[in-house]
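*Asks:* Sequence:
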Amino acid sequence: MARVSLDSNVLIYAALEPQTVKGRHAQDLVARAAVRGVLSSQALLEFVAVVRRRAPALTEHAIAQAEAWSKTFETAPTTDRVVAEALSMVRLHQFQVWDGVIWAAARQAGVAVLFSEDLQDGFAKDGMRTLNPFLVDAANLQRLIDA
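The sequence shown begins at 46 in the numbering used here and counts up one residue at a time.
None of the hints are false.
In silico SDA-like links for lysine to any residue, alpha-carbon gap of 20 Å or less:
{"id": "1", "residue 1": "K170", "residue 2": "R48"}
{"id": "2", "residue 1": "K116", "residue 2": "G155"}
{"id": "3", "residue 1": "K116", "residue 2": "D73"}
Quick list of the computed label-pair ranges, beta carbon to beta carbon:
{"id": "4", "residue 1": "G172", "residue 2": "R97", "range": "31 to 37 Å"}
{"id": "5", "residue 1": "T124", "residue 2": "V66", "range": "32 to 38 Å"}
{"id": "6", "residue 1": "R81", "residue 2": "A169", "range": "17 to 23 Å"}
{"id": "7", "residue 1": "D171", "residue 2": "P122", "range": "17 to 23 Å"}
{"id": "8", "residue 1": "P101", "residue 2": "K170", "range": "35 to 41 Å"}
{"id": "9", "residue 1": "A100", "residue 2": "R69", "range": "17 to 23 Å"}
{"id": "10", "residue 1": "T124", "residue 2": "R98", "range": "23 to 29 Å"}
{"id": "11", "residue 1": "V128", "residue 2": "A169", "range": "19 to 25 Å"}
{"id": "12", "residue 1": "Q141", "residue 2": "F179", "range": "16 to 22 Å"}
{"id": "13", "residue 1": "A79", "residue 2": "A169", "range": "23 to 29 Å"}
No lab work stands behind these hints: they were computed from the structure. Backbone N, C-alpha and C define an ideal beta-carbon position, used for all residues, glycine too.
Go ahead and model the full structure; you've got the sequences and the hints to work with.
*Replies:* See the structure below:
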């Protein structure tokens, strides 16, 4: 089974837009990924920050959800090695800083696939690739997770 990670945008769709196609797709991915999934501390905290900004009344719910996800998923920390690799991704590949942190934390946690709507679909480096989960159907998502 492949280790996978989710960017904060997947978590945000799952929590804030459950009635939309993307929201349902994100909820399905979160459930499938929970078996061997990794979430970076950055993705969890971005999730709370975005919910707090977009829907302040849901802040406590977002905090509780982030705490639950941190128990369900392995949480990849932001270490000095993650910071160094993130800065390298910013320098060499023009990543946004926080996307670099999410990328580096996932890669150092041994993740094979990082699901993100924000990063370049198909980008691969050092044994990990980024896929836009909203461009992949449920059957193929499961195949990627089971690989």
